[in-house]
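A.B. asks: Line order of the protein sequences matches chains A and B.
Per numbering that gives the first Met the number 0, the very first residue in the first sequence carries number 0; after that it's consecutive.
Per numbering that gives the first Met the number 0, the very first residue in the second sequence carries number 0; after that it's consecutive.
Hints may contain errors.
As the list claims (entries may be wrong) - Taking lysine to any residue pairs in the SDA-like style, the calculated list, with each CA pair at most 25 Å apart, reads:
hint : chain 1 : residue 1 : chain 2 : residue 2
1    : A       : Lys132    : B       : Ile32
2    : A       : Lys135    : B       : Asp54
3    : B       : Lys197    : B       : Gly185
4    : A       : Lys163    : B       : Lys46
Just so you know, these hints were derived from the structure itself, not from any lab.
In this text, all values refer to a predicted model and were calculated from it rather than measured experimentally.
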Amino acid sequence: MDLTKENHIKLYRNMVLTRKIEDRLRIAVKERKIPFAMHLGKGQEAIGAGGATFLQKDDICIPTHRGVGHAISKGISTYKVFTEMYCKKTGPTAGKGGATNLVDENIGLCGAYNSIGGYFVIVVGYGLAAQMKEDKSVVVVFFGDGCSNRGTAHEGMNLASIWKLPIVWICENNGWSVSVPASFSIATPNVADRAAAYNMPGVVVDGNDVLAVHEAVQAAVDRARAGLGPSMVEAKTYRVGMHYESPRPENYMPTEVVKEWEKKDPIDRYRKLLIDKKIMTSAALAQMDQEIDKEVEEAEKTAAKDPFPEPSLAFEGLYTP
Amino acid sequence: MAQMLYTEAINSALREEMERDKRVFLMGEDIGIYGGSRGVTMGLFDKFGPERVRDTPISETAIMGAGAGAALRGMRPVIEIMYADFLYICFDELSSTAAKWRYVNGPQFSVPLTIRAPMGGYGAGGSIHSQCPIAPVLHVPGIKIAVPYTPSDAKGLLKTAIRDNNPVVFFEHRSLYGTRGEVPDGDFTIPFGVADVKREGKDVTIVAISYMVQLSLKAAADLEKEGISVEVIDPRTLEPLDMDTIIKSVKKTGRVVLVDEDTLRAGSTAEIGMQIMENAYRSLKAPIQRVGAANVPIPVAAPLVNVVFPSVDSIKQAVRKALQ
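Chain A on its own, in the form it takes in the complex (with noise of 0.2 Å):
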């Protein structure tokens, strides 16, 4: 799909917005307004912009832990993303879920929630299921490095593979699992290489690269779409941030590849790609830059004001009448 300037700053926005919103979450954690472990994903911005801004509707999108950038771009608002970290009321789960929690229904958001790779093997079902309906979805699935090693990885793809359901496997390849580094923890060289055990399609694309991300999905999405069966991405990035929002300083962090990875940001990337290629002015896009500030400042405001759950919350919703 040849973008337009639109499609441009769908991605740009989408990008920026997440950028922002987990700056203002890591402020909400020092403000003690968030009370559960915050999994922020600076540096990572590109690959849930470049996986999920341009999926339809229908399609379905799970986000990893690590996933407000998955969820904004799959199309949930800046004011729920602030509501379930803020476990209001108001928010997506009404304060029973959490971080993991970004569901929207109406816009095929399914959330993380699992034991983390537990979703691998749900998201057979969730295929299965476009498959026998014949709506011609999509599953999105992004899913970590870390995770990757779960037994639950090898039995959703070959099963996924087995029956050529339409899913598309998104490795977000941070480098870490907790303090464990990737290339300790992984037997290949890519995660990637393990989609040929199961006869799919599996490529590496710079994680950084917001375009790259993009146009390896929207291969592997057609794919599916067209009955063809599975197909993996690996997006290579970096964490540059902390596994959580902690006081507990990360011993096991190499600081000099970080600065390196920094120097790599995939948002001044891509805002230089936009400025150079003239397709936006740095005018243009500092206006967006300010309305984006604005939105987050404004949506935050709401959340911390709105209200929490009633305690008799807690007894209800266990069963579908």
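Given the structure of chain A, go ahead and fit chain B onto it with the hints provided.
C.D. replies: For chain B alone, kept in the frame of chain A given last:
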């Protein structure tokens, strides 16, 4: 009324529900052309084809996960976990996903998933093909549990399970597969949460689960000859649990024996017994007695198996103890 095997009753429930609702489909190991490891799905592959009777690889985690996922997306899967013991393999998908999804993620979601889990020992299956892992499932909020004893209950409860909008673990007992019984003609369902008083009595109340109903009825018949009148209650579902019927009986007899084939410690009988304590303590004339599998893995040699599992004798012994 037609005479039907327990397996035939399950098979006909599946067949009728698949005819009734095209969203219903089956998934599991060897359930297709082979008809299931114990023949329960025999003939369904021929009738409904490979799209709706899906053989899977040995991937319990993916079977349970895909079942939950497909249910979340509007299908009504019925999965077979070949041995209930294998629920432990896919317990994360059952307890973290299927059971909790709706509560945690909101009322726009539901998980109409039926999990058929053949269970039971008494067949030299050994430590990982003989268990009745009911208690771990009962422990998790958000899962309904059916434990049918008769062919009629098997059919009526399975239909209710498939039509229920929530995850249901349907524990079938392999020792009951060959039993015959009257099954109503045509479409019928049995509601969850309604116990069946299998035999009325006035001296002691036995609450027995699944195949244990059969052993308990034998024990009751023997004891009757000794002049002991035993009431036998089959709860039929453990979640929801019909405590009203149990409490009513306890208030009448004042003496209770709880029988379960699952490992005794922290089993369903502990829960039922405690609820009796909470609700009918003053009616009790003697301590509640429990019979269940001993707290060891299930062995294979008959002399060992015989002392690990409940028997008619051990149930009779417990009744006598309750009468002291």
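A.B. asks: Tell me, which hint numbers fail for this structure?
C.D. replies: none
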